[in-house]
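Assemble the whole structure, with the sequences as input and the hints as a guide.
Listed here are the chains, written in short residue letters.
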Amino acid sequence: MSAVRPDYVRPIDFRHGRVDMTHGAGGRATAQLVEELFVDAFDNAWLRTRNDGARIDVPPGRMVIATDSHVVSPLFFPGGDIGCLAVHGTINDVAMSGARPLYLAATFVLEEGFPLADLRRIVTSMAAASRAAGVPVVTGDTKVVEQGKGDGVFITTTGVGVVPDGVDIAGDRARPGDAILVSGSIGDHGVAIMSLRENLTFETTIESDTAALHELVAAMVAAAPGIHCLRDPTRGGFATTLNEIARQSGCGMVIRERELPIKAQVKAACEFLGLDPLYVANEGKLVAIVPPHDAKHVLAAMRAHPLGTDAAIVGEVVDDPHGFVQMETAFGGRRNVDWLTGEQLPRIC
Amino acid sequence: MCLALPARVVELLGPDEALIDVDGVRKRISLALLDGVAPGDYVVVHVGYALTRLDPAEAARTLALLAGVALAPNATVEPAA
Amino acid sequence: MKYIDEFRDGAIAQRLSAAIAIEARAERRYHLMEFCGGHTHAISRYGISDLLPDNVRMIHGPGCPVCVLPIGRIDNAIELGKRRGMIVATYADTMRVPASNGLSLQKAKAQGADIRMVYSSADALRIARDNPGREIVFFAIGFETTTPPTAVAIRRAAELGLTNFSVFCNHVLTPAAIANILESPEVRELGTIPLDGFIGPAHVSTVIGTQPYEYFAEEYQRPVVVAGFEPLDVMQAILMLVRQLNDGRAEVENEFTRAVTRDGNTKAKALVAEVFELRRSFEWRGLGEVPYSALRIKETYRAFDAEERYGIEYRSVADNRACECGAILRGVKRPTDCKLFGTVCTPENPMGSCMVSSEGACAAHYAYGRFKDR
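Protein chains in written order, with my numbering: chain A, 17 to 365; chain B, -15 to 65; chain C, 291 to 664.
It is worth saying that the hints were derived from the structure and are not from the lab.
Warning: the hint list may mix true and false statements.
Below, computed lysine-lysine pairings styled on DSBU-like, alpha-carbon distance capped at 35 Å [claimed, not checked]:
{"hint": "1", "chain 1": "C", "residue 1": "K372", "chain 2": "A", "residue 2": "K159"}
{"hint": "2", "chain 1": "C", "residue 1": "K372", "chain 2": "C", "residue 2": "K397"}
{"hint": "3", "chain 1": "A", "residue 1": "K283", "chain 2": "C", "residue 2": "K397"}
{"hint": "4", "chain 1": "C", "residue 1": "K399", "chain 2": "A", "residue 2": "K165"}
{"hint": "5", "chain 1": "C", "residue 1": "K662", "chain 2": "C", "residue 2": "K629"}
{"hint": "6", "chain 1": "A", "residue 1": "K312", "chain 2": "A", "residue 2": "K283"}
{"hint": "7", "chain 1": "A", "residue 1": "K283", "chain 2": "C", "residue 2": "K662"}
{"hint": "8", "chain 1": "A", "residue 1": "K165", "chain 2": "C", "residue 2": "K397"}
{"hint": "9", "chain 1": "A", "residue 1": "K159", "chain 2": "C", "residue 2": "K399"}
{"hint": "10", "chain 1": "C", "residue 1": "K292", "chain 2": "C", "residue 2": "K557"}
{"hint": "11", "chain 1": "C", "residue 1": "K662", "chain 2": "A", "residue 2": "K312"}
{"hint": "12", "chain 1": "C", "residue 1": "K292", "chain 2": "C", "residue 2": "K559"}
{"hint": "13", "chain 1": "C", "residue 1": "K292", "chain 2": "A", "residue 2": "K283"}
{"hint": "14", "chain 1": "C", "residue 1": "K372", "chain 2": "A", "residue 2": "K165"}
{"hint": "15", "chain 1": "A", "residue 1": "K283", "chain 2": "C", "residue 2": "K557"}
{"hint": "16", "chain 1": "A", "residue 1": "K159", "chain 2": "C", "residue 2": "K397"}
{"hint": "17", "chain 1": "C", "residue 1": "K399", "chain 2": "A", "residue 2": "K283"}
{"hint": "18", "chain 1": "C", "residue 1": "K629", "chain 2": "C", "residue 2": "K399"}
{"hint": "19", "chain 1": "C", "residue 1": "K397", "chain 2": "C", "residue 2": "K588"}
{"hint": "20", "chain 1": "C", "residue 1": "K559", "chain 2": "A", "residue 2": "K283"}
Right under this line is the structure:
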């Protein structure tokens, strides 16, 4: 007689298995994936209830909610992966309002055939990032699309947080005279990603700077609650972020090329490809616009934090109805720092 | 046109290839257009090929010339003919 | 970066600026054309015009291979990309150039054409070797700097006996373009465009040497100074041109001595001569048909000529009537003289090639100099 164990469920083969349509169908396979992967990795009380939604306690105050989709390719890169990027990215979006991030939700759209080993690697990374940041992933969803209809995995994260009293940080609050600060070297993430792109292979030790900035923000806000603007210069880079704020606030800006922190390897990689570091993506930096009397205090608070050791004051907001962002070049002239047009592509000319 | 930059040859690899370095960024490039390249040389690289060697003596001479011109902006200029 | 940063020193720039201002004689004007798009880009990016006195004016020449590439040739490349199974490998510079029917290589890619950006002709060759069941066309553009790399790829393809690799050749020649400008009515006869001297291209000259420019200096009595790629190189070249003009000299001088000699790269030149030959005539966007100004693949390597292999038919496409790219490329007009500049025609929505390539006069001015136009 065979001794069949009635409760036996064969565990998912994470090493060799692949995502298939049953994982998204909502039945047993889905439940098993959720259980053995997501609940196991994120491991918190909310997910352990196995409810569809999470009941959360939110302290009093103004709430902030932010959401971001992550479609980065390649999925794994020096310094990180799509998973921790997704966690950091949304934590940062929430933090850029000056809010303390409290909870995250994460949805996954998986392509049929995607290796489960890679999925586990991504989810493990997300869980580690979430734990390190102290912001739990409390709910989520999984869907599967047919092969060819997705790029491996798309992740969307949504975050909620609360803004402390007395803090009013928004894109339209920059005023002439304000100081412009950046928390560290620009262009790292974009260069790290590009070094893996097919046909652009170059060797570099540059890693993505992906990081959760909420604690840096908390230190800055503690030093100066009157900060006007915060934004993380992701796609489009530092220049695009400045142009966005300039437009929202109806003013101009002047930055000084000599003050911009840029790593030597990032400069060199950009020279190779004919790219401008000002337009290359960052995933662990922020731009701060602060009233002039607060600039020194905010800078000190940034430099005292591990994610802001290379922080610098790089320019000023000026009165300019055209909203131009200009740069005093290290060479001595002045030039526009315009919006990024289309995608910045390498050039030979 | 013709984005190219000077890079230091780190090592020769196989026939007609070299590893070059610019401030820590390294790339494999072709030496098919240039003979007699040695590690330590600087070459001008365009679209993955070394086009010419950079002459350090001439570079120094040009820099000295630039600095020299710059130092004498108030020197008397020949009167107009 | 060694041999780069030293030539971007702002303090030396200031003093070079002062030297140019002193030596440029107040009673005359100096109209200097920088032929090379890379120089146009450097002049805009570093604000060199700001450091020149009012009577020294830079005219932007047509040395931007993307700018002078006719729309019809991009249409051809797109047609190739749409063929079933075909892979088109191209430098990224061509991707966004607007072609006919609202298409560009990038848009064709979005519609499913297998168009791949490469950094080097060697990458195109590798794609061919990795995909023996597919046909690959390498969309070759560029002046004399970029031609030798294409020649190497063709020679290598021949050595390897590759049957799935070919090149759509659009290589063009610098001296022919310079001659075309100097022969244009505005310059030669009417004198409406005073053109006093040329800044010769940096990297083209590493290949062809300074010798080809001697003809222009002699025949047209215009000084030529070959300048390096960095802003101090450009400023030093401007100073040297001012001096030549003051002295009444018309010589070829070399500012870029660290990389350029009179003979250039003989190995590269020989390789080009082995693989390519002159076309009788070639259409340049903005300049029209220019004789003996472009290359095609020689008979011996015809197997690698995409035009032969695929029976490509070229159809000339006129520019938007209001587009002034032609005049701008010849130095006759400035970006701000074009009605479309900054309104209909922007880097986001380029009407003509001067705007789509970042070293086109219009794109450079739009990106770096627009704030001065108010």
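Against the structure, the hints come out as follows:
Note on K372(C) and K159(A): the hinted pairing holds, with a Cα-Cα distance of about 33 Å set against a maximum of 35 Å. Annotation: proposed proximity of K372(C) to K397(C) holds, straight-line Cα distance about 11 Å (limit 35 Å). About 30 Å separates the Cα atoms of K283(A) and K397(C), which keeps this hinted pair within 35 Å; it holds. Between K399(C) and K165(A), the direct Cα distance comes to roughly 17 Å. Compliance with the 35 Å bound is thereby established for this hinted pair.
For the proposed pair K662(C) and K629(C), the alpha carbon gap of about 17 Å is at most 35 Å, so the pair holds. Taken as a hint, the K312(A) and K283(A) pair is honoured in the structure, with Cα atoms around 28 Å apart against an allowance of 35 Å. As the CA atoms of K283(A) and K662(C) are separated by approximately 28 Å, the hinted pair is consistent with the 35 Å bound. For a cut-off of 35 Å, the pair hint linking K165(A) to K397(C) stands: about 19 Å separates their Cα positions.
Of the pairs offered as hints, the one joining K159(A) and K399(C) holds, with about 28 Å between alpha carbons and a cut-off of 35 Å not exceeded. Of the supplied pair hints, the one linking K292(C) and K557(C) holds, its CA atoms being roughly 26 Å apart against a limit of 35 Å. Taken as a hint, the K662(C) and K312(A) pair is honoured in the structure, with Cα atoms around 32 Å apart against an allowance of 35 Å. Between K292(C) and K559(C), the direct Cα distance comes to roughly 28 Å. Compliance with the 35 Å bound is thereby established for this hinted pair.
Between K292(C) and K283(A) the CA atoms are separated by roughly 12 Å; this keeps the pair inside 35 Å, and the hint holds. Between K372(C) and K165(A) the alpha-carbon distance is near 21 Å, which keeps this suggested pair within the 35 Å criterion. Between the alpha carbons of K283(A) and K557(C) the distance comes to roughly 32 Å, so the proposed pair stays at or under 35 Å and holds. A threshold of 35 Å between alpha carbons decides the hint, and for K159(A) with K397(C) the separation of about 30 Å falls inside it, so the pair holds.
Between K399(C) and K283(A) the alpha-carbon distance is near 30 Å, which keeps this suggested pair within the 35 Å criterion. Between K629(C) and K399(C) the alpha-carbon distance is near 31 Å, which keeps this suggested pair within the 35 Å criterion. Using a Cα cut-off of 35 Å, the hinted pair K397(C) and K588(C) holds, with the two alpha carbons roughly 32 Å apart. Between K559(C) and K283(A), the direct Cα distance comes to roughly 32 Å. Compliance with the 35 Å bound is thereby established for this hinted pair.
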